[in-house]
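Participant: Construct the complete structure from the given sequences, taking the supplied hints into account.
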Amino acid sequence: MPAKNNAPIVPNFGDDEETGRKLAIICSKGNLDMAYPGLILANAALGEGVETHLFFTFWGFDMIAKKRMNDLKFSPTGNTAMHMPIGDVRVPQALAPMPGMQAVATKMLKKQIADLGVPEIPDFLDQIVGAGGHLWACRMSADMNKYTETDLRDDVEGIISASDFIEMTDGAQLLFI
Amino acid sequence: MPVTTLLDREIHVDDEGFLTVYDEWDEALGAELAKQIGIEMTDEHWSLIRFLREDFKEKGETATTRRVQAAGGVPAKRQFELFPKKPAKKMAYIAGLPKPHGCV
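Keeping their order, the protein sequence lines are chains A and B. Add 1 to a position in the first sequence, counting from 1, and you land on the number used in our numbering. Add 247 to a position in the second sequence, counting from 1, and you land on the number used in our numbering.
Think of the hints as simulated: they come from the structure by calculation, not from any bench. Errors might be hidden in some of the hints.
Listed next, the in silico EDC-like pairs over lysine to aspartate or glutamate satisfying Cα-Cα at most 16 Å (straight line) [stated by the list, open to error]:
{"#": "1", "chain 1": "B", "residue 1": "K324", "chain 2": "A", "residue 2": "E52"}
{"#": "2", "chain 1": "B", "residue 1": "K324", "chain 2": "A", "residue 2": "D127"}
{"#": "3", "chain 1": "B", "residue 1": "K332", "chain 2": "A", "residue 2": "D152"}
{"#": "4", "chain 1": "B", "residue 1": "K332", "chain 2": "A", "residue 2": "E19"}
What the simulated footprint calls covered on chain B by chain A, stretch by stretch (three residues with Cβ under 8 Å from a Cβ of chain A suffice, anywhere in the stretch; the number is not a length) [as the list claims (entries may be wrong)]:
{"#": "5", "region": "248–254"}
{"#": "6", "region": "263–270"}
{"#": "7", "region": "297–306"}
{"#": "8", "region": "316–323"}
{"#": "9", "region": "332–340"}
Ideal placement from N, C-alpha and C gives every residue a C-beta, glycine not left out.
Facilitator: Have a look at this one:
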């Protein structure tokens with residue numbers, strides 16, 4: 002017998018609760034495959050109404066640098082989990098650094114991601130900002146690369162120091178990727 | 248599976264309250280669902296809900312905010328304005344569809 006209720010069953014979207022949940026994700030990698038996890042989680046968190054901050058540092062800087070953001074690469078070198086798309090065959094590590102391998106692997110990964118309807122990095126960051134996410138750049142990485150704000154995406158809210166970041170993310174849950 | 252009553256109709260829902268039977272929905276019910284979660288529907292809201300309905304019929308799964316942007320042509324920013332805080336889930340609820348399963 003199905004249960005029957007008088008008051009309608011309505012999902013609780015938590016609109017009345019002020020949870021103040023906050024998430025800060027440190028993106029430190031610039032390989033194409035490692036650029037995605039932070040963005041996927043940020044996008045999911047925003048969709049759940051969580052205040053979300055992304056802090057780009059070290060190699061992760063390539064995701065927000067105008068000159069580099071369209072050109073992230075994926076390499077099978079050093080990645081023993083890299084398999085061929087058919088036959089589940091592992092790519093031998095001796096072959097991984099061969100000329101052309103990186104280009105092939107990058108193209109393959111981009112296609113797999115596009116097939117899932119997942120956007121490329123710059124487009125994905127557009128969506129995250131549109132959904133209310135905040136982008137921050139690391140001061141030391143900017144200095145190392147001799148970058149100023151004009152070299153970065155226009156929606157990066159600031160180049161901030163590590164201590165600024167710590168202060169800003171008081172009470173937040175932190176993820177380092 | 249629970250049954251709940253809205254507009255004097257018996258509606259099949261999951262434990263959270265999302266409709267489970269596609270054909271039990273019509274726009275009158277959609278308006279009632281919107282009222283339940285405090286959304287005031289405008290033409291713009293409705294065009295998104297109609298997109299979700301059509302897209303589900305075609306694809307067999309609920310569109311995510313990404314898909315609503317890419318295939319439905321409404322930017323994520325606008326979706327958050329129309330259906331505050333949790334647009335994907337709220338749109339799915341009003342459209343009488345299951346919660347989206349896609350990660351992006």
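Participant: Which numbered hints are broken by the structure, listed smallest first?
Facilitator: 3 and 7
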